[in-house]
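A.B. asks: So you can see what is in the structure, the chains are spelled out below.
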Amino acid sequence: MAEEDVVISKRISSSRTQWPIFIALLVVAATIIYPLYFVIITSFRPNSDYLQDPFGLPGVWTFENYLNLVNTYGIGQAFLNSLFVGTISVSIILVLASLAGYALAKLPVPGQKYITATFVSVMLIPGPVLIIPIYLMLARLEIVGSYTGLILVYVATGLPFATFFLTLSFRGIPDEVIEAARIDGAGFFRIMWSIIAPMGSSGLATLAVLQFLGAWNELIFAVILIPEESMRLLTPQLASIGERFLTDQPLVSAGLFITASVPLLLLAFASKYIMQGLQVGVSR
Amino acid sequence: MTTASVTSRVGAASAAPTGGAPRHKPGGIRRRDRIVGLLAVLPAFLVVVGFMAFPVAFAVFISFTKTNGLRFEFRGLDNYIALLNDPIVHQVFLNNVTFLISVPLVIFTALIVSVLLFERVRGWKYFRVIFFLPNVLSVAVIGIMFRNAFGYYGGVNQALALFGIEPIQFFTNGSTAIAIIILALVWAGFGYQSLLLLAGLTSINPAVFEAAAIDGAGWWKRLWYITLPNIRRVLGFVFIINVIYTFSSLFGFVYVMTAGGPGFDTTTIDYLVYLRAFSSTNLGSGAALAVILFLFIGILTLIQNRVFKLGEDD
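Residue numbers (our numbering), protein chains in the order written: chain A, 1 to 284; chain B, 285 to 598.
It should be emphasised that the hints constitute simulated quantities derived from the structure, not laboratory data.
Wrong hints could be hidden among the right ones.
Said to hold, decoys possible - Here are some, though not all, of the chain A residues that point toward chain B, as calculated from beta-carbon distances under 8 Å: (1) 109; (2) 119; (3) 143; (4) 144; (5) 249; (6) 267.
To be verified - Now the in silico label distances, taken between C-beta atoms and shown as ranges: (7) A:77 / B:436: 28 to 34 Å; (8) A:145 / B:591: 24 to 30 Å; (9) A:145 / B:314: 54 to 60 Å; (10) A:71 / B:520: 20 to 26 Å; (11) B:583 / A:71: 48 to 54 Å; (12) A:202 / B:404: 32 to 38 Å; (13) B:372 / A:145: 44 to 50 Å; (14) A:146 / B:374: 36 to 42 Å; (15) B:365 / A:71: 17 to 23 Å; (16) A:202 / B:365: 17 to 23 Å; (17) A:174 / B:591: 51 to 57 Å.
Where a beta carbon is used, it is the ideal one built from N, C-alpha and C, also for glycine.
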């Protein structure tokens, strides 16, 4: 907890009722932090050490579990696969959603009402409905088992929200700036690149983080569309490790921490953007 | 959490302004703008129509056929009739209804947390981030974490052992397995929802509170007579997204925690769609189940929108 924040909130409200509330919040926070702490600590100890005294600090600290997962169970490869699929998906989403978002926010698109309505209504489609038809379609296109199919699905399922989100955030850019650039002779792509992208950068960053988290954490399509074990993404790989090693808690814990590490890092360093994205969802 | 967040986004969507950007420009430039605009929207639109809207139509078509994915034999409503008479479907639907127990639990927890956060005590912003933490984690991570914790060698049994209690096999019994999945749902969901409720609380006019405080209303009275009535709309919204989530998004938890077992005791509708799709010879049956689920959720969403429209008037 940073010093200055404590000082500031102290100044704002210094009533005596603060302490019980603070402690209650602390207890709730502990129910979230403790399980994670337990997983992290457990992942750094051998199984025998864990079974001896699960709640104490490890008698032996070791990276064995991590090395084991990387060398024997291909978790390193799965990590890279997830990183690859997530990055490509997010990049495509950002490009397509920026184009569509700019047009819907600032250009007179014919049939705009219907296009917006389509983007909004497909957001209501529950994932399970898509499983069978998507699988059959991609099988027909012969891209089941390749990342192309999976990325396509992530892009398609991410785009409606992304477009909606960017339309809203680009609307905040003043028309005068765009008008001025036009008068100076800037074309469509020039405006996108030198005005929309920099002025909408906060929205773009928020969106990138949210969509990356979505792709990184996704499970159903990653399971269904990538049957080949060597190509698996991280979440399905973790699921199969969790299933196989019921008796080895430290090993599974290491897998959990590896999978959770990227989202936790993003939350630590980009919480501003994540919380901003939340506001859009909350705003109404 | 995808559905919950997606649905909440849709809640926001209804507020989206739909009007174009009226500008006064010569016809030629305007016409060019229309073409450029259309071209810019087109790629995203085509991907979404091709891989979200079309699949739904395709699912409806599949549901009227008997198919292995290659050959489609038209069978009319046979799949639907078979599903309605299928005891497994009945059981699975009841399972989903049982999972609804999580809804009041999540909302109650979220409500308490939001009221606590609303007091803005020191470091409340950090608490906010901590409570949001489960939301950035994959259901695979949360599910396996809970299955581990309640596993034979898991933390919970180890703790029980300290009191001399024999290890409990939580996952060989349907009711305890459901209870643990519900616990995982509450753990994963309350933080985000407390932030939703907090937003509702923040929009209450502070003057109302001050007036009540001056009139001598205590903390509890203010909570009951001012706070709760003022956020009933947000509460209703959170209630519906939870119900929708319970019916459409438990796949991840079930997949990693119980695989639907023992028997079909923890199988949910969305997990059954997956089972029917990949372990049966008739995909039509799975598609029909998915379509039923879609209709059910569609009705819930309509109700939600109705309630919202009504709520906005007062």
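A.B. asks: State, for the Cβ atoms of residue 145 (chain A) and residue 314 (chain B), whether the hinted interval 54 to 60 Å holds or is violated.
C.D. replies: violated (48 Å)
A.B. asks: That 17 to 23 Å hint for residue 202 (chain A) and residue 365 (chain B) (C-beta), does it hold up?
C.D. replies: violated (53 Å)
A.B. asks: Starting from the range 51 to 57 Å, see whether the pair residue 174 (chain A) and residue 591 (chain B) falls in it by beta-carbon distance.
C.D. replies: For residue 591 (chain B) against residue 174 (chain A), whose Cβ atoms are near 36 Å apart, the range 51 to 57 Å is violated.
A.B. asks: Look at the Cβ atoms of residue 365 (chain B) and residue 71 (chain A) and judge whether their distance stays inside 17 to 23 Å.
C.D. replies: Check failed, 53 Å falls outside 17 to 23 Å.
A.B. asks: Holds or violated: the hint that residue 267 (chain A) contacts chain B, with Cβ atoms closer than 8 Å.
C.D. replies: holds (5 Å)
A.B. asks: For the pair residue 145 (chain A) and residue 591 (chain B), does the Cβ-Cβ distance stay inside 24 to 30 Å?
C.D. replies: 44 Å Cβ-Cβ, so the 24 to 30 Å window is violated.
A.B. asks: Is 48 to 54 Å right for how far apart the beta carbons of residue 583 (chain B) and residue 71 (chain A) are?
C.D. replies: Check passed, 51 Å falls within 48 to 54 Å.
A.B. asks: With a cut-off of 8 Å on the beta carbons, see whether residue 109 (chain A) makes it to chain B.
C.D. replies: Holds, because the Cβ-Cβ distance from residue 109 (chain A) to chain B comes to roughly 4 Å (cut-off 8 Å).
A.B. asks: Can residue 249 (chain A) be said to touch chain B, with a Cβ gap under 8 Å?
C.D. replies: At 6 Å from the nearest chain B Cβ, residue 249 (chain A) passes the 8 Å test, so the hint holds.
A.B. asks: Given the hint of 28 to 34 Å, is the C-beta distance from residue 77 (chain A) to residue 436 (chain B) inside that range or not?
C.D. replies: holds (30 Å)
A.B. asks: When the nearest CB of chain B is found for residue 143 (chain A), is that gap smaller than 8 Å?
C.D. replies: violated (12 Å)
A.B. asks: How does the Cβ-Cβ distance of residue 202 (chain A) and residue 404 (chain B) compare with 32 to 38 Å: does it lie in that range?
C.D. replies: With a Cβ separation near 25 Å, residue 202 (chain A) and residue 404 (chain B) fall outside 32 to 38 Å, so the hint is violated.
Hint compliance for this structure: hints 3, 4, 8, 9, 10, 12, 13, 15, 16, 17 are broken, all remaining hints hold.
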